[in-house]
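Just need the whole structure built from these sequences, with the hints factored in.
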Amino acid sequence: MKIHQLSVFLENKPGQLRTACEVLAKARINLVTLSLADTVQFGILRLVIEDWQKAKTVLETAGCVVKVTEVLAIEVADQPGGLAQILEIVDHAGLNIEYMYAFTEKRGGKAALVFRFENADTAEQALKANGINMLGDVELFRRA
Amino acid sequence: MNMTEHHPISAPDFMPVNELRATQLSRLQRTVQQAYDHVPLFHRRLDERGLKPADVRSLEDVRRLPFTVKADLRDTYPYGLFAAPMKEIVRLHASSGTTGKPIVVAYTQDDIRVWTETIMRSLVSCGLHAGDIVQNAYGYGLFTGGLGAHYGAEALGATVIPISGGNTERQLMVMKDFGVTAICCTPSYFLHLIDQSQQMGVDLKKLPLRAGVFGAEPWTENMRERIEAQSNIKAYDIYGLTEIIGPGVGIECAHQAGLHIFEDHFLAEIIDPETLEPLPIGSEGELVLTTLSKQAMPMIRYRTRDITAFYTEPCACGRSIRRIRRIGRRSDDMLIIRGINVFPSQIEAGLLRIEGTLPHYQIVLTREKDLDQMEVQVEVTPEVFSDEVRGLEELRKKIVRSIETITGIRVALRLVEPHTIQRSEGKAKRVIDKRNM
Numbered sequence: 001m002k003i004h005q006l007s008v009f010l011e012n013k014p015g016q017l018r019t020a021c022e023v024l025a026k027a028r029i030n031l032v033t034l035s036l037a038d039t040v041q042f043g044i045l046r047l048v049i050e051d052w053q054k055a056k057t058v059l060e061t062a063g064c065v066v067k068v069t070e071v072l073a074i075e076v077a078d079q080p081g082g083l084a085q086i087l088e089i090v091d092h093a094g095l096n097i098e099y100m101y102a103f104t105e106k107r108g109g110k111a112a113l114v115f116r117f118e119n120a121d122t123a124e125q126a127l128k129a130n131g132i133n134m135l136g137d138v139e140l141f142r143r144a
Numbered sequence: 001m002n003m004t005e006h007h008p009i010s011a012p013d014f015m016p017v018n019e020l021r022a023t024q025l026s027r028l029q030r031t032v033q034q035a036y037d038h039v040p041l042f043h044r045r046l047d048e049r050g051l052k053p054a055d056v057r058s059l060e061d062v063r064r065l066p067f068t069v070k071a072d073l074r075d076t077y078p079y080g081l082f083a084a085p086m087k088e089i090v091r092l093h094a095s096s097g098t099t100g101k102p103i104v105v106a107y108t109q110d111d112i113r114v115w116t117e118t119i120m121r122s123l124v125s126c127g128l129h130a131g132d133i134v135q136n137a138y139g140y141g142l143f144t145g146g147l148g149a150h151y152g153a154e155a156l157g158a159t160v161i162p163i164s165g166g167n168t169e170r171q172l173m174v175m176k177d178f179g180v181t182a183i184c185c186t187p188s189y190f191l192h193l194i195d196q197s198q199q200m201g202v203d204l205k206k207l208p209l210r211a212g213v214f215g216a217e218p219w220t221e222n223m224r225e226r227i228e229a230q231s232n233i234k235a236y237d238i239y240g241l242t243e244i245i246g247p248g249v250g251i252e253c254a255h256q257a258g259l260h261i262f263e264d265h266f267l268a269e270i271i272d273p274e275t276l277e278p279l280p281i282g283s284e285g286e287l288v289l290t291t292l293s294k295q296a297m298p299m300i301r302y303r304t305r306d307i308t309a310f311y312t313e314p315c316a317c318g319r320s321i322r323r324i325r326r327i328g329r330r331s332d333d334m335l336i337i338r339g340i341n342v343f344p345s346q347i348e349a350g351l352l353r354i355e356g357t358l359p360h361y362q363i364v365l366t367r368e369k370d371l372d373q374m375e376v377q378v379e380v381t382p383e384v385f386s387d388e389v390r391g392l393e394e395l396r397k398k399i400v401r402s403i404e405t406i407t408g409i410r411v412a413l414r415l416v417e418p419h420t421i422q423r424s425e426g427k428a429k430r431v432i433d434k435r436n437m
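For the protein sequence lines, the chains are A and B, in the order given. Anchor point for the first sequence: position 65 equals 65 in the working numbering, and the numbering is continuous, going up by one each time. Anchor point for the second sequence: position 282 equals 282 in the working numbering, and the numbering is continuous, going up by one each time.
Certain hints may be false.
[To be verified] Below 27 Å or equal to it, Euclidean Cα-Cα: the simulated DSSO-like pairs (lysine-lysine) are:
1. Lys-67/A <-> Lys-398/B
2. Lys-101/B <-> Lys-54/A
3. Lys-397/B <-> Lys-67/A
4. Lys-2/A <-> Lys-106/A
5. Lys-206/B <-> Lys-56/A
6. Lys-13/A <-> Lys-429/B
7. Lys-101/B <-> Lys-397/B
8. Lys-101/B <-> Lys-87/B
9. Lys-434/B <-> Lys-13/A
10. Lys-397/B <-> Lys-429/B
Treat the hints as calculated values from the structure; they're not laboratory data.
Have a look at this one:
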């Protein structure tokens, strides 16, 4: 099940991350998880948020460039080899991972990872065929 | 009112060519005589060449006359080039000099009449008429844009909103609430208005606004395409300069293929900026203008520094007054980066070749270890933004390559957040030169 991720362009200079987070805080929007990719020049803030449409509007109104991407939230057994098992499936299916990051908290006793595949649909099918559970909006946001 | 017929004020635009040339010659002779009689600098320069005003017998004889350059206006600051007594001068304007003193220009009552006429003819050429509601967002004051456009639009019978520049939110409110049908401002400011309108949730395409008369800075064809696509108006280029009269020296027509010069009031030549020799019709060079009607401050062979060329074909609109190509660059906004000549318009052209890149950019020049460094800052737009680092790096490389193809130099390119580059309320400040020279 695909979920929506917001990506925000940040210049790599002091205070930029805080500005984006404050905009969301003011609108009382809670982040489920995030990751930050950065280079010397710029950063990309990736966010998973329950009400992503509202978050997008709020960020754009504040002048941010925002992009919505479909990603997969994959359930991983919280034990040695848990991630390796997923990656094996990914390899065999010839899928290309653009990037990945973890949810900060467990979901129903299991770890969860966000995967951005080149092609989310193909990846979803391959993982499903191998009995891998993917979290949808309902499971992801119920805990909180 | 029959919209296919032009306002009678535009009749000179369609004058038979032989009549036009005859008018130009008699006015040139009168102007030269007047400058010789009243402007000491011009008198001395003619004497030095052993010339008398009577030596101007044909239009080609203009080539024997000395050039006037911007430095002449500075050197004779403030009133040294005036050819009329102060009691006949009813208006002064000035252009802000980037260094030191401004240059001052003067108008008699008749000069104001001529200026008003050329603006009226310009607006008619852009399809405007009595009944239009014109938002004049050129700055009012010493700058010629505001009052120039104001007088012309009012004389045409349009409803003028003298809002002047700045206060973008109010501009958009007025545009929407007052049912504005045409706007006058700089093209970069209009782009800024488009930006702001999107943020304010105003859809320009749904407003009655149908024409923009944009000038006071060079802009590109791509910029026009963007403006027209995003606002659903026709964007017309108006040309002019303070030294000659202000806006209203030249204007596009409905065909948007070059700018018609109001040749009955301004004599245009194209010269080679290096050799100063006249160039054959159609060749690209520097535009040189001589005023044919100005009384207070006649300008003889003023070097505009604007690079253009005459069209050789007559225009489909039927105007007999000739057209020049849009001014893409000036011979003096040229940047010399490590010995290579670069024009800001080339950077813009490089950016616009990349899909989705809006022309909000700035060039920052620095000098490190005696080497010129050129950084181009470009605002990231939703169209080009990628959630992958690789995607943005590729965008950066693509832009660098595109600029390199046009200019031959590799620039340092920095992607910046939207709205971090200062928007111009007037002319866009494209170049920040931090080199200490």
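Results of checking the hints against the structure:
no. : hint                    : in the structure
1   : Lys-67/A <-> Lys-398/B  : holds, 20 Å
2   : Lys-101/B <-> Lys-54/A  : violated, 53 Å
3   : Lys-397/B <-> Lys-67/A  : holds, 21 Å
4   : Lys-2/A <-> Lys-106/A   : holds, 19 Å
5   : Lys-206/B <-> Lys-56/A  : holds, 25 Å
6   : Lys-13/A <-> Lys-429/B  : holds, 23 Å
7   : Lys-101/B <-> Lys-397/B : violated, 42 Å
8   : Lys-101/B <-> Lys-87/B  : holds, 24 Å
9   : Lys-434/B <-> Lys-13/A  : holds, 21 Å
10  : Lys-397/B <-> Lys-429/B : holds, 25 Å
Comparing the model with each numbered hint stated earlier shows that hints 2 and 7 do not hold.
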